[in-house]
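Build out the structure end to end from the sequences listed, making use of the hints.
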Amino acid sequence: MYWEKLSTETIQKSVFDALDKNLNYNTEPILGLPGTYLDQGQFYSFPFLKEAPFLSVLVNNPNHIGCHTYSAGEKYFSGTHQLEIDLLRICAEEILDAPKSGYDGYVAPGGTEANIQAQWMYRNYFMREKNAGLNEIGVIFSEDAHYSVYKASNLLGIMPITVKVGHDNREVLLDDLKKKLEDARNKGIRYLIVHLSMGTTIFGSVDSPASFLELVKRYFTHYFVHVDAAFGGFIYPFSAQKNELSFQNPEISSITIDGHKMLQSPYGTGVFLCRKSLIEYVQTPEASYVYGSDFTLCGSRSGANAVSMWMILMTYGSEGWSQMIRQLINRTDYLCKALDEIGIKYFRNPDMNIVAIDCNEISEELADKYYLVADNYLQPQWRKVVVMTHVTQEMIDSFLTDLKKEKQIVNQ
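Plus 137 on top of the position in the sequence shown (first one is 1) and you've got our numbering.
Honestly, the hints are just simulated from the structure, not real lab data.
Please note: incorrect hints may appear among the correct ones.
Unchecked claim - In silico DSSO-like cross-links for lysine-lysine, where the CA-CA straight-line distance does not exceed 27 angstroms:
1) Lys288 with Lys267
2) Lys212 with Lys413
3) Lys379 with Lys521
4) Lys324 with Lys301
5) Lys288 with Lys317
6) Lys544 with Lys474
7) Lys212 with Lys158
8) Lys354 with Lys288
9) Lys150 with Lys212
10) Lys506 with Lys474
11) Lys354 with Lys379
12) Lys354 with Lys413
13) Lys267 with Lys317
14) Lys187 with Lys142
Written out as C-alpha coordinates, the structure is:
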(Lines of atoms letter the chains of each structure in order from A; the text may use other names.)
(Lines give C-alpha, C1' and ligand atoms only; values in the text may rest on other atoms or scores of the structure.)
Protein backbone atom coordinates (compact mmCIF):
# COMPACT_ATOMS: atom_id res chain seq x y z
CA MET A 138 0.00 0.00 0.00
CA TYR A 139 1.62 3.21 -1.14
CA TRP A 140 0.75 6.49 -2.76
CA GLU A 141 2.84 9.62 -2.85
CA LYS A 142 2.31 12.66 -0.65
CA LEU A 143 2.23 15.84 -2.73
CA SER A 144 2.99 19.40 -1.69
CA THR A 145 0.22 21.98 -1.52
CA GLU A 146 1.71 23.71 -4.56
CA THR A 147 1.77 20.49 -6.59
CA ILE A 148 -1.83 19.65 -5.64
CA GLN A 149 -3.01 23.13 -6.62
CA LYS A 150 -1.18 22.98 -9.93
CA SER A 151 -2.57 19.52 -10.70
CA VAL A 152 -6.15 20.64 -10.08
CA PHE A 153 -5.85 23.88 -12.03
CA ASP A 154 -4.13 22.03 -14.89
CA ALA A 155 -7.07 19.60 -14.90
CA LEU A 156 -9.52 22.51 -15.03
CA ASP A 157 -7.61 23.96 -17.98
CA LYS A 158 -8.21 20.70 -19.87
CA ASN A 159 -11.96 20.94 -19.23
CA LEU A 160 -14.29 23.03 -21.35
CA ASN A 161 -14.62 26.57 -20.05
CA TYR A 162 -18.15 28.00 -20.08
CA ASN A 163 -16.73 31.55 -19.97
CA THR A 164 -14.46 31.35 -23.00
CA GLU A 165 -15.85 28.75 -25.42
CA PRO A 166 -19.00 28.78 -27.62
CA ILE A 167 -20.80 26.01 -25.73
CA LEU A 168 -24.36 25.80 -27.08
CA GLY A 169 -25.29 22.14 -26.65
CA LEU A 170 -24.69 21.24 -23.00
CA PRO A 171 -27.57 21.35 -20.46
CA GLY A 172 -25.23 22.72 -17.80
CA THR A 173 -23.14 25.76 -16.99
CA TYR A 174 -21.03 27.31 -14.24
CA LEU A 175 -22.68 27.98 -10.88
CA ASP A 176 -25.02 30.98 -10.74
CA GLN A 177 -22.83 34.09 -10.87
CA GLY A 178 -25.26 36.07 -8.79
CA GLN A 179 -24.38 33.88 -5.82
CA PHE A 180 -21.09 32.25 -6.79
CA TYR A 181 -19.31 35.02 -8.64
CA SER A 182 -15.57 35.00 -9.18
CA PHE A 183 -13.80 35.95 -5.96
CA PRO A 184 -10.07 36.74 -6.22
CA PHE A 185 -9.26 34.06 -3.63
CA LEU A 186 -10.51 31.34 -6.00
CA LYS A 187 -7.10 31.54 -7.70
CA GLU A 188 -5.68 29.98 -4.51
CA ALA A 189 -8.62 27.63 -3.84
CA PRO A 190 -8.60 24.67 -6.25
CA PHE A 191 -11.55 22.79 -4.76
CA LEU A 192 -13.79 25.87 -4.74
CA SER A 193 -12.69 26.68 -8.28
CA VAL A 194 -13.78 23.22 -9.43
CA LEU A 195 -17.06 23.65 -7.56
CA VAL A 196 -17.77 26.96 -9.31
CA ASN A 197 -16.72 25.64 -12.73
CA ASN A 198 -19.19 22.77 -12.17
CA PRO A 199 -17.79 19.89 -14.28
CA ASN A 200 -20.15 16.98 -14.89
CA HIS A 201 -18.66 13.53 -14.19
CA ILE A 202 -21.55 11.50 -15.60
CA GLY A 203 -20.59 7.94 -16.56
CA CYS A 204 -17.98 5.42 -15.44
CA HIS A 205 -14.55 6.59 -16.55
CA THR A 206 -12.70 3.39 -15.66
CA TYR A 207 -14.89 1.50 -18.14
CA SER A 208 -15.38 3.95 -21.00
CA ALA A 209 -13.79 7.22 -22.05
CA GLY A 210 -16.68 9.38 -20.87
CA GLU A 211 -17.60 12.80 -22.17
CA LYS A 212 -14.57 14.66 -23.50
CA TYR A 213 -15.77 18.02 -22.23
CA PHE A 214 -14.42 17.46 -18.70
CA SER A 215 -11.54 15.06 -19.37
CA GLY A 216 -9.16 16.94 -17.08
CA THR A 217 -11.05 16.40 -13.83
CA HIS A 218 -12.17 12.96 -15.05
CA GLN A 219 -8.49 11.96 -14.87
CA LEU A 220 -8.30 13.04 -11.23
CA GLU A 221 -11.30 10.83 -10.46
CA ILE A 222 -9.63 7.92 -12.26
CA ASP A 223 -6.49 8.41 -10.15
CA LEU A 224 -8.59 8.58 -6.98
CA LEU A 225 -10.28 5.30 -7.89
CA ARG A 226 -6.88 3.74 -8.55
CA ILE A 227 -5.70 4.62 -5.05
CA CYS A 228 -8.90 3.39 -3.40
CA ALA A 229 -9.07 0.16 -5.40
CA GLU A 230 -5.43 -0.85 -5.92
CA GLU A 231 -3.60 0.65 -2.95
CA ILE A 232 -6.20 0.54 -0.17
CA LEU A 233 -8.43 -2.37 -1.18
CA ASP A 234 -5.92 -4.64 -2.98
CA ALA A 235 -7.56 -4.78 -6.41
CA PRO A 236 -5.41 -6.02 -9.29
CA LYS A 237 -4.02 -3.29 -11.54
CA SER A 238 -6.82 -2.03 -13.82
CA GLY A 239 -8.96 -4.96 -12.67
CA TYR A 240 -11.87 -2.88 -11.43
CA ASP A 241 -14.47 -0.32 -12.37
CA GLY A 242 -16.08 2.36 -10.26
CA TYR A 243 -17.18 5.93 -9.75
CA VAL A 244 -17.63 8.58 -7.07
CA ALA A 245 -21.25 8.25 -5.99
CA PRO A 246 -23.34 10.74 -3.98
CA GLY A 247 -22.84 8.52 -0.92
CA GLY A 248 -22.59 5.03 0.49
CA THR A 249 -26.33 4.49 0.21
CA GLU A 250 -26.25 4.84 -3.57
CA ALA A 251 -23.12 2.69 -3.78
CA ASN A 252 -24.85 -0.09 -1.84
CA ILE A 253 -27.93 0.19 -4.06
CA GLN A 254 -25.67 0.14 -7.13
CA ALA A 255 -24.21 -3.20 -6.01
CA GLN A 256 -27.59 -4.88 -5.50
CA TRP A 257 -28.84 -3.44 -8.79
CA MET A 258 -25.82 -4.81 -10.63
CA TYR A 259 -26.13 -8.32 -9.18
CA ARG A 260 -29.89 -8.44 -9.61
CA ASN A 261 -29.48 -7.59 -13.28
CA TYR A 262 -26.72 -10.18 -13.67
CA PHE A 263 -28.91 -12.94 -12.24
CA MET A 264 -31.88 -11.90 -14.38
CA ARG A 265 -29.86 -11.62 -17.59
CA GLU A 266 -27.41 -14.50 -17.24
CA LYS A 267 -29.47 -16.97 -15.18
CA ASN A 268 -32.95 -15.99 -16.31
CA ALA A 269 -33.86 -15.46 -12.65
CA GLY A 270 -37.18 -14.02 -11.56
CA LEU A 271 -37.33 -11.31 -8.92
CA ASN A 272 -38.90 -13.78 -6.50
CA GLU A 273 -35.80 -15.98 -6.84
CA ILE A 274 -33.26 -13.34 -5.75
CA GLY A 275 -32.46 -12.44 -2.14
CA VAL A 276 -29.97 -10.29 -0.26
CA ILE A 277 -28.67 -11.54 3.09
CA PHE A 278 -27.01 -9.41 5.77
CA SER A 279 -26.57 -9.05 9.53
CA GLU A 280 -29.04 -7.08 11.61
CA ASP A 281 -26.28 -4.51 12.23
CA ALA A 282 -25.91 -3.73 8.50
CA HIS A 283 -26.67 -0.19 7.33
CA TYR A 284 -30.33 0.51 6.58
CA SER A 285 -29.50 1.26 2.94
CA VAL A 286 -29.61 -2.49 2.34
CA TYR A 287 -33.36 -2.36 3.07
CA LYS A 288 -33.80 0.61 0.75
CA ALA A 289 -32.06 -1.27 -2.03
CA SER A 290 -34.06 -4.48 -1.65
CA ASN A 291 -37.29 -2.50 -1.52
CA LEU A 292 -36.46 -0.50 -4.65
CA LEU A 293 -35.28 -3.54 -6.58
CA GLY A 294 -38.04 -5.91 -5.53
CA ILE A 295 -35.80 -8.60 -4.04
CA MET A 296 -36.12 -10.40 -0.71
CA PRO A 297 -34.22 -8.98 2.31
CA ILE A 298 -32.93 -11.68 4.68
CA THR A 299 -31.75 -10.45 8.08
CA VAL A 300 -29.46 -12.55 10.28
CA LYS A 301 -29.27 -12.08 14.05
CA VAL A 302 -26.01 -11.22 15.82
CA GLY A 303 -24.76 -11.90 19.34
CA HIS A 304 -25.68 -9.10 21.75
CA ASP A 305 -22.22 -8.80 23.28
CA ASN A 306 -19.85 -9.68 20.41
CA ARG A 307 -21.97 -8.45 17.43
CA GLU A 308 -20.95 -11.52 15.43
CA VAL A 309 -23.40 -13.25 13.11
CA LEU A 310 -25.13 -16.14 14.88
CA LEU A 311 -24.28 -19.09 12.65
CA ASP A 312 -27.30 -21.11 13.80
CA ASP A 313 -29.58 -18.27 12.74
CA LEU A 314 -27.67 -17.85 9.47
CA LYS A 315 -28.19 -21.55 8.75
CA LYS A 316 -31.90 -21.24 9.55
CA LYS A 317 -32.32 -18.15 7.34
CA LEU A 318 -30.54 -19.83 4.43
CA GLU A 319 -32.77 -22.89 4.74
CA ASP A 320 -35.88 -20.70 4.92
CA ALA A 321 -34.76 -18.76 1.84
CA ARG A 322 -34.31 -21.96 -0.16
CA ASN A 323 -37.73 -23.19 0.94
CA LYS A 324 -39.27 -19.89 -0.21
CA GLY A 325 -37.82 -20.30 -3.69
CA ILE A 326 -34.72 -18.12 -3.44
CA ARG A 327 -32.05 -19.50 -5.79
CA TYR A 328 -29.71 -16.54 -6.24
CA LEU A 329 -28.12 -14.65 -3.37
CA ILE A 330 -26.42 -11.31 -2.78
CA VAL A 331 -24.27 -11.49 0.36
CA HIS A 332 -23.90 -8.07 1.99
CA LEU A 333 -21.01 -7.92 4.48
CA SER A 334 -19.89 -4.95 6.58
CA MET A 335 -16.42 -3.54 7.17
CA GLY A 336 -17.33 -1.39 10.16
CA THR A 337 -21.04 -1.20 10.95
CA THR A 338 -22.52 2.23 11.64
CA ILE A 339 -23.34 1.77 15.32
CA PHE A 340 -20.78 -0.78 16.47
CA GLY A 341 -17.88 -0.67 14.03
CA SER A 342 -18.18 -4.45 13.87
CA VAL A 343 -16.58 -6.32 10.97
CA ASP A 344 -18.15 -9.40 9.40
CA SER A 345 -16.12 -12.57 8.91
CA PRO A 346 -16.45 -13.68 5.27
CA ALA A 347 -15.06 -17.19 5.84
CA SER A 348 -17.63 -18.40 8.37
CA PHE A 349 -20.49 -16.62 6.57
CA LEU A 350 -19.68 -18.01 3.14
CA GLU A 351 -18.97 -21.51 4.40
CA LEU A 352 -22.67 -21.80 5.21
CA VAL A 353 -23.85 -19.91 2.13
CA LYS A 354 -22.08 -22.42 -0.11
CA ARG A 355 -24.01 -25.30 1.45
CA TYR A 356 -27.28 -23.86 0.17
CA PHE A 357 -26.44 -21.67 -2.83
CA THR A 358 -24.34 -22.15 -5.94
CA HIS A 359 -24.97 -18.69 -7.39
CA TYR A 360 -24.05 -15.73 -5.19
CA PHE A 361 -22.08 -12.48 -5.18
CA VAL A 362 -20.45 -10.77 -2.20
CA HIS A 363 -20.63 -7.02 -1.67
CA VAL A 364 -18.75 -5.28 1.15
CA ASP A 365 -20.14 -2.13 2.73
CA ALA A 366 -16.98 -0.36 3.88
CA ALA A 367 -18.64 3.06 3.94
CA PHE A 368 -17.31 3.72 7.42
CA GLY A 369 -14.44 1.26 7.75
CA GLY A 370 -12.88 1.57 4.32
CA PHE A 371 -10.53 4.42 5.18
CA ILE A 372 -9.53 3.03 8.59
CA TYR A 373 -9.73 -0.78 8.81
CA PRO A 374 -7.31 -1.55 5.92
CA PHE A 375 -4.73 0.62 7.74
CA SER A 376 -5.29 -0.64 11.28
CA ALA A 377 -5.99 -4.37 10.86
CA GLN A 378 -3.18 -6.92 10.62
CA LYS A 379 -5.15 -8.74 7.91
CA ASN A 380 -8.11 -7.53 5.88
CA GLU A 381 -10.22 -10.42 4.59
CA LEU A 382 -12.76 -8.03 3.05
CA SER A 383 -10.56 -6.59 0.31
CA PHE A 384 -10.35 -7.49 -3.38
CA GLN A 385 -7.46 -9.79 -2.49
CA ASN A 386 -10.20 -12.16 -1.35
CA PRO A 387 -11.50 -13.69 -4.61
CA GLU A 388 -14.98 -13.99 -3.08
CA ILE A 389 -15.37 -10.20 -2.89
CA SER A 390 -16.88 -8.68 -6.04
CA SER A 391 -17.68 -5.10 -5.00
CA ILE A 392 -17.00 -2.61 -2.22
CA THR A 393 -18.54 0.65 -1.01
CA ILE A 394 -16.24 3.21 0.61
CA ASP A 395 -17.19 6.70 1.84
CA GLY A 396 -15.05 9.81 1.84
CA HIS A 397 -17.39 11.98 3.88
CA LYS A 398 -16.80 9.93 7.03
CA MET A 399 -13.18 9.12 7.89
CA LEU A 400 -11.64 11.03 4.99
CA GLN A 401 -13.34 14.31 6.02
CA SER A 402 -14.39 15.19 2.48
CA PRO A 403 -17.71 16.94 1.75
CA TYR A 404 -20.98 15.04 1.82
CA GLY A 405 -21.62 13.47 -1.55
CA THR A 406 -18.34 11.57 -1.73
CA GLY A 407 -19.15 7.88 -1.68
CA VAL A 408 -17.21 5.47 -3.88
CA PHE A 409 -18.48 2.35 -5.62
CA LEU A 410 -15.92 -0.21 -6.81
CA CYS A 411 -16.46 -3.57 -8.50
CA ARG A 412 -14.45 -6.16 -10.37
CA LYS A 413 -13.77 -5.33 -14.01
CA SER A 414 -16.74 -5.39 -16.39
CA LEU A 415 -19.44 -6.31 -13.85
CA ILE A 416 -20.57 -2.70 -14.23
CA GLU A 417 -21.85 -3.64 -17.71
CA TYR A 418 -24.96 -5.05 -16.03
CA VAL A 419 -26.12 -1.58 -15.01
CA GLN A 420 -25.50 0.15 -18.32
CA THR A 421 -28.41 2.28 -19.47
CA PRO A 422 -28.34 1.93 -23.28
CA GLU A 423 -31.11 4.51 -23.58
CA ALA A 424 -28.59 7.16 -22.47
CA SER A 425 -27.41 7.24 -26.07
CA TYR A 426 -26.63 10.96 -26.04
CA VAL A 427 -24.08 10.46 -23.23
CA TYR A 428 -20.66 9.82 -24.76
CA GLY A 429 -19.39 6.53 -23.32
CA SER A 430 -22.88 5.72 -21.98
CA ASP A 431 -23.97 5.75 -18.33
CA PHE A 432 -23.55 2.98 -15.76
CA THR A 433 -24.50 4.84 -12.59
CA LEU A 434 -27.69 5.26 -10.62
CA CYS A 435 -27.36 9.03 -10.25
CA GLY A 436 -26.35 10.04 -13.78
CA SER A 437 -24.95 13.58 -13.64
CA ARG A 438 -22.68 14.26 -10.66
CA SER A 439 -20.31 16.98 -9.57
CA GLY A 440 -16.64 16.56 -10.39
CA ALA A 441 -15.78 18.66 -7.35
CA ASN A 442 -16.56 15.74 -5.04
CA ALA A 443 -14.01 13.47 -6.69
CA VAL A 444 -11.43 16.25 -6.70
CA SER A 445 -11.92 16.88 -2.97
CA MET A 446 -11.16 13.24 -2.14
CA TRP A 447 -8.13 13.18 -4.43
CA MET A 448 -6.75 16.35 -2.82
CA ILE A 449 -7.10 14.93 0.71
CA LEU A 450 -5.37 11.65 -0.13
CA MET A 451 -2.56 13.50 -1.91
CA THR A 452 -2.13 15.83 1.07
CA TYR A 453 -1.44 12.91 3.42
CA GLY A 454 0.13 10.26 1.22
CA SER A 455 -0.18 6.67 2.40
CA GLU A 456 2.33 7.08 5.23
CA GLY A 457 0.72 10.25 6.56
CA TRP A 458 -2.74 8.71 6.43
CA SER A 459 -1.54 5.56 8.21
CA GLN A 460 -0.03 7.72 10.94
CA MET A 461 -3.28 9.63 11.40
CA ILE A 462 -5.22 6.37 11.71
CA ARG A 463 -2.74 5.08 14.30
CA GLN A 464 -3.35 8.21 16.36
CA LEU A 465 -7.12 7.63 16.29
CA ILE A 466 -6.73 3.96 17.23
CA ASN A 467 -4.41 4.91 20.11
CA ARG A 468 -6.93 7.48 21.32
CA THR A 469 -9.69 4.86 21.15
CA ASP A 470 -7.47 2.39 23.04
CA TYR A 471 -7.04 5.02 25.74
CA LEU A 472 -10.80 5.44 26.06
CA CYS A 473 -11.41 1.69 26.26
CA LYS A 474 -8.69 1.16 28.87
CA ALA A 475 -10.33 3.81 31.04
CA LEU A 476 -13.78 2.24 30.53
CA ASP A 477 -12.33 -1.10 31.65
CA GLU A 478 -10.92 0.51 34.80
CA ILE A 479 -14.27 2.12 35.61
CA GLY A 480 -16.08 -1.15 34.93
CA ILE A 481 -18.20 0.01 31.99
CA LYS A 482 -19.64 -2.59 29.60
CA TYR A 483 -19.03 -1.78 25.95
CA PHE A 484 -18.36 -3.30 22.52
CA ARG A 485 -15.47 -2.37 20.28
CA ASN A 486 -13.67 -3.98 17.38
CA PRO A 487 -10.00 -3.41 18.31
CA ASP A 488 -9.16 -2.14 14.82
CA MET A 489 -11.94 0.44 14.72
CA ASN A 490 -12.60 3.81 16.35
CA ILE A 491 -16.21 3.19 17.41
CA VAL A 492 -17.05 2.29 21.01
CA ALA A 493 -20.65 1.26 21.74
CA ILE A 494 -21.53 1.66 25.43
CA ASP A 495 -24.31 -0.37 27.02
CA CYS A 496 -27.22 1.98 27.82
CA ASN A 497 -27.44 0.51 31.31
CA GLU A 498 -24.01 2.02 32.00
CA ILE A 499 -24.78 5.63 31.10
CA SER A 500 -27.65 8.03 31.76
CA GLU A 501 -29.61 9.56 28.93
CA GLU A 502 -28.59 13.01 30.20
CA LEU A 503 -24.88 12.23 29.98
CA ALA A 504 -25.27 10.57 26.59
CA ASP A 505 -27.10 13.65 25.31
CA LYS A 506 -24.44 15.98 26.74
CA TYR A 507 -21.81 14.33 24.57
CA TYR A 508 -24.13 13.66 21.60
CA LEU A 509 -23.80 9.87 21.77
CA VAL A 510 -25.99 8.35 19.05
CA ALA A 511 -28.29 5.48 20.06
CA ASP A 512 -28.72 2.25 18.14
CA ASN A 513 -32.50 2.71 18.31
CA TYR A 514 -34.11 5.83 19.72
CA LEU A 515 -37.39 4.02 20.40
CA GLN A 516 -35.74 1.28 22.47
CA PRO A 517 -32.07 2.17 22.92
CA GLN A 518 -29.66 -0.50 24.08
CA TRP A 519 -26.36 1.08 23.06
CA ARG A 520 -24.88 4.57 22.70
CA LYS A 521 -21.80 5.03 20.54
CA VAL A 522 -18.66 7.11 20.85
CA VAL A 523 -16.90 7.73 17.53
CA VAL A 524 -13.30 8.88 17.93
CA MET A 525 -13.01 11.14 14.90
CA THR A 526 -10.20 13.64 14.32
CA HIS A 527 -12.04 16.41 16.19
CA VAL A 528 -12.28 14.22 19.32
CA THR A 529 -9.37 15.40 21.47
CA GLN A 530 -7.78 13.81 24.53
CA GLU A 531 -9.35 16.60 26.58
CA MET A 532 -12.84 15.75 25.31
CA ILE A 533 -12.34 12.09 26.17
CA ASP A 534 -11.03 12.96 29.64
CA SER A 535 -14.00 15.25 30.27
CA PHE A 536 -16.40 12.48 29.28
CA LEU A 537 -14.59 9.95 31.48
CA THR A 538 -14.67 12.31 34.46
CA ASP A 539 -18.43 12.74 34.13
CA LEU A 540 -18.90 9.00 33.64
CA LYS A 541 -16.88 8.21 36.77
CA LYS A 542 -18.94 10.66 38.83
CA GLU A 543 -22.16 9.13 37.54
CA LYS A 544 -20.90 5.62 38.29
CA GLN A 545 -19.94 6.59 41.84
CA ILE A 546 -23.39 8.05 42.51
CA VAL A 547 -25.09 4.90 41.22
CA ASN A 548 -22.88 2.69 43.39
CA GLN A 549 -23.54 4.65 46.60
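For each hint, the structure was consulted:
1. Lys288 with Lys267: Distance ~24 angstroms between Lys288 and Lys267 Cα, so the pair holds.
2. Lys212 with Lys413: 22 angstroms, holds
3. Lys379 with Lys521: 25 angstroms, holds
4. Lys324 with Lys301: 19 angstroms, holds
5. Lys288 with Lys317: It holds: about 20 angstroms lies between the C-alpha atoms, which stays within 27 angstroms.
6. Lys544 with Lys474: Distance ~16 angstroms between Lys544 and Lys474 Cα, so the pair holds.
7. Lys212 with Lys158: 9 angstroms, holds
8. Lys354 with Lys288: Holds, at about 26 angstroms.
9. Lys150 with Lys212: Holds - the C-alpha atoms of Lys212 and Lys150 are around 21 angstroms apart, at most 27 angstroms.
10. Lys506 with Lys474: Holds, at roughly 22 angstroms.
11. Lys354 with Lys379: 23 angstroms, holds
12. Lys354 with Lys413: Holds, at about 24 angstroms.
13. Lys267 with Lys317: 23 angstroms, holds
14. Lys187 with Lys142: Holds, because 22 angstroms separates the two Cα atoms, which is no more than 27 angstroms.
Checked against the numbered hints above, the structure violates none of them.
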